[in-house]
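Q: Sequence:
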Amino acid sequence: MTQQYDQDYLKKALAEEREIARLDLRVRTSTPGGLGLSIESNLYLVTGGTSSGHGLRSSEILPKWRRHRTAAGALAIKHMLNIRHDLEVEYAVTVGYGAGRRGVTEFYGAHPSIEFATMAAIVRAAIQKLTEELDERAALNPTRSSSSRRPGARATSKPKGNP
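Be aware that the sequence shown starts at 0, since it is given in numbering that gives the first Met the number 0, and climbs by one per residue.
Check each hint, because a few of them may be wrong.
DEER-style ranges, computed between Cβ atoms [to be verified]:
(1) G72 x A14: 33 to 41 Å
(2) I113 x N140: 21 to 29 Å
(3) R25 x G108: 33 to 41 Å
(4) Q6 x L139: 15 to 23 Å
(5) D23 x A109: 17 to 25 Å
(6) D5 x E89: 38 to 46 Å
(7) Y90 x L133: 31 to 39 Å
(8) N41 x K77: 18 to 26 Å
(9) A109 x N41: 43 to 51 Å
(10) I38 x R83: 42 to 50 Å
(11) Q3 x E59: 27 to 35 Å
(12) I113 x K10: 27 to 35 Å
Honestly, the hints are just simulated from the structure, not real lab data. Built from N, CA and C at the ideal position, the CB exists for glycine as well.
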């Protein structure tokens, strides 16, 4: 049995597209409001903004990595992802990257079609790869913690009683 295009499936797809935009393009996104999501719903780049964090919706539409095969293919090429289909035993697609690293496996039955399973595996593998790269960069460049400041710079409490 295959998954249908329902609102929950589309919400998960859009959430993963927002995550890959945040990690790969380093941008904030917005989703359209309205009556409901469809397979053709667009994510928009959020530009501008004020100190409260609200931005203006620009006209730039982000790629549909989880919903359009050419966008997913471009993402796979950009991040050098390997795609393997198992049509005989597991009925799944596995997308991996690098030598000896784990891949992301998506079963065909969890998606509306084989094509959507492949796009989901590509996006999830790219998210995993970008998250690992982000963690590696953070480990190589740790920020100073507040406890590493000199003790004289810390606030002191007032003595109790009348001075």
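Q: Each hint should be assessed against the structure and marked as holding or not.
A: The hints, checked one at a time:
| no. | hint | result |
| --- | --- | --- |
| 1 | G72 x A14: 33 to 41 Å | violated (21 Å) |
| 2 | I113 x N140: 21 to 29 Å | violated (41 Å) |
| 3 | R25 x G108: 33 to 41 Å | holds (35 Å) |
| 4 | Q6 x L139: 15 to 23 Å | violated (41 Å) |
| 5 | D23 x A109: 17 to 25 Å | holds (24 Å) |
| 6 | D5 x E89: 38 to 46 Å | violated (24 Å) |
| 7 | Y90 x L133: 31 to 39 Å | holds (32 Å) |
| 8 | N41 x K77: 18 to 26 Å | holds (20 Å) |
| 9 | A109 x N41: 43 to 51 Å | violated (24 Å) |
| 10 | I38 x R83: 42 to 50 Å | violated (26 Å) |
| 11 | Q3 x E59: 27 to 35 Å | holds (31 Å) |
| 12 | I113 x K10: 27 to 35 Å | violated (22 Å) |
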